[in-house]
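Peer 1: Please build the complex by placing chain V on the supplied structure of chain R, with the hints as guidance.
Protein chains: 2
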Amino acid sequence: MQNFTFQNPTKLLFGKGSIALLSKEIAKTSKVMLTFGSGSVRINGVYDQVIAALAGYNLVEFWGIEPNPKVETLRKAIELGKAEKVDFILAVGGGSTLDGTKLIAAAIPYAGDAWELVLNPKLITKGIPFASVMTLPATGSEMNSGAVISNLATQEKFSFRAYFPQFSVLDPEVTYSLSPYHIACGIADTFVHVMEQYLTSPGQSLLMDRWAEGILMTLTEIAPEIDENPRDYDLMSNYMLCATMALNGFIGMGVSQDWATHMIGHELTALHGLTHGESLAIVLPGTMTVLSEQKKDKILQYGERIWGINKGSSGLRIAETIARTEAFFRSLGLHTRLSELNIGEETIAEIELRFDERDAKFGECQNVNSVVARAILECCL
Amino acid sequence: MQNFTFQNPTKLLFGKGSIALLSKEIAKTSKVMLTFGSGSVRINGVYDQVIAALAGYNLVEFWGIEPNPKVETLRKAIELGKAEKVDFILAVGGGSTLDGTKLIAAAIPYAGDAWELVLNPKLITKGIPFASVMTLPATGSEMNSGAVISNLATQEKFSFRAYFPQFSVLDPEVTYSLSPYHIACGIADTFVHVMEQYLTSPGQSLLMDRWAEGILMTLTEIAPEIDENPRDYDLMSNYMLCATMALNGFIGMGVSQDWATHMIGHELTALHGLTHGESLAIVLPGTMTVLSEQKKDKILQYGERIWGINKGSSGLRIAETIARTEAFFRSLGLHTRLSELNIGEETIAEIELRFDERDAKFGECQNVNSVVARAILECCL
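Chains R and V are the protein sequences, given in the same order. Numbered by the numbering used here, the letters in the first sequence go through residues 2 to 382 in order. Numbered by the numbering used here, the letters in the second sequence go through residues 2 to 382 in order.
Keep in mind that the hints were calculated from the coordinates and are not lab data. If you're wondering where the values come from, they're calculated on a predicted model, not measured in any experiment. Any given hint could be a false lead.
Since the list gives no way to pick one copy over another, a pair counts as held whenever it fits inside one copy or between any two copies.
[Stated by the list, open to error] Simulated pairs of lysine-lysine, DSSO-like, Cα-Cα distance not exceeding 30 Å:
no., residue 1, residue 2
1, 25, 127
2, 83, 71
3, 123, 25
4, 127, 32
One chain only, chain R, in its complex shape (with noise of 0.2 Å):
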């Protein structure tokens, strides 16, 4: 086991209701900006629970934070921010929301460009506390310290990290209202952040395994479910249990991590505009095509643990396995091809390129690099 530092602040308030609990977690007396994505949140009624809650608040309200959150709409609710003088952030909406709005949190002290932060976290001194009322299970960013911004000048999406909600709010019953395909890549989400933390080699932690195997399993034996009884509350509630444990550092303790299909799937969403889940979908089982010999003792031990592989070759059994993997992607409903969405060699050079600019060396024996990154890409047309 390698030797690690832990922890993580955040408190959680979980279940039915809790919505109604903002009031005892907010001091009266703060000036609070409540962030929100694109406006789902007054149709499904968390809007107005949460405005219900904290009556006789000072409020400011800041709208229009989109998926994959740009540097540029970030910049104005960091200005309204400034100016209002607020002194706590409240993010409504999903992962996105709350990335924009750690980033936003971070830049209303700093004097200078928040897009400075993201590529120079070092920056970032105490900003504001922010909480989140999370209502897309996927992220994990309720409860990590993680953001990805995009620049939609630049074209990048960049990854940093600053410092942890101060509490988040999870009623799975804010999550009926999602749409399948919502559904479909915050499952896809969650589980690909377990394997980012997972398929390397095994017995760095037995536990560590069991915990991540333990979400992967519960994705596997829900999923279907959800799909029949979206509005079913005990699978909704282990579905965003799951979503928060994937990425809360819980199973990362003392083993080495991947990545690389994340900083992968990032570039395809920055220059597509693919759906974080989605991207992760159709990168994964290329990734593991094409480092199946270095990661072969873990996809054959994730094979036998998760999806019951265990007889036959271990070269079988591995593709088998990564088979397995695409065809549970497909069962969510979603694309795990990139020519299915018509991107092909001309998206692939420009990843390469860009892999070779940054001189790029992901993966947990950091040998991702643009060559492997093609190869990868390839795999997955």
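Peer 2: Frame of chain R; chain V shown alone:
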């Protein structure tokens, strides 16, 4: 899934050499009280490592916190802490040293007697911050707010909740000097901590079930190997991580909990000085037997997923599962029967009386009263 609130702010510093990081975590200006057990840390080198890491600090030492820490001993440490005006406490030892330290830290700023805080934890305001260098993986005390304190005068042993350690240092190498009996008790303690949060009714949280089972599977996998190689770093890392993760709230989200076995075990310790882990190994099979109808579905799930028991009638499978659980504790080298320790009817009658006087209603259904406790103990003879 039940509604829940979760927060665990404790920082973990895990791995070989991590004691050297102490000076990064404690302000140089602090007046630090070091608390110790009986002196094993002088022999295994941990004391020297701590003193070296804290060179230049203003230190006060308190020695002699015993297993099942007694308020009579702790009062002396509290007196010392008040007199020396300490503002940080570092517990160096096992769960008992740390549990005792939780009361010391809470009681230093308190004007009344420390036992009042055990009986009424609401009297605890934020006390002195504290941390730990954990030397005996077992109680999970290094990452939770709970503690169990005994009272010699009244022959009582009660748990209470204070506040979390600021950080805990977990270096698996410090476990190399533990006796096989200590390790056996630590594994049993960890195992039963999981069972108390798991063996209720199934399906409350699919994910939490998987995580609880993940710890149980890891423990059953490593226990015989540790018996062979108690100085294997990776084995001891997994053992140490299991102990911490078993009782830090991570596997208790949204599920009901039992804790009847602990409440009965505490009485055995209070009356006969049994080591905590061994008391649990004796009581758990009795609890499972007496409550087998109520816990039927979860015992079947546990038997199948942990012990591979999936053939025969449910009655047979339950009996086999309970037998396997007891056999596991015996394989650790622990006693699992009261009669082996010459404990009999007199003790059962005393515990029955105590539960009656306290109007005890333990367990997830609050039905473990004096009568059920007697039945459980009679099963343990």
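Peer 1: For every hint, state whether the structure bears it out.
Peer 2: Here's how the hints hold up against the structure:
Proximity of residue 25 and residue 127 under a CA criterion of 30 Å is satisfied in both settings, with 23 Å inside one chain copy and 19 Å between copies. Only within a single protomer do residue 83 and residue 71 lie at most 30 Å apart by alpha-carbon distance; the minimum there is 19 Å, versus 55 Å between protomers. Taking the shortest Cα distances, residue 123 and residue 25 sit within 30 Å of each other only across copies (19 Å), while inside one copy they are farther apart (32 Å). For the homomeric pair residue 127 and residue 32, the shortest alpha-carbon distances inside one copy (17 Å) and between copies (27 Å) are both at most 30 Å.
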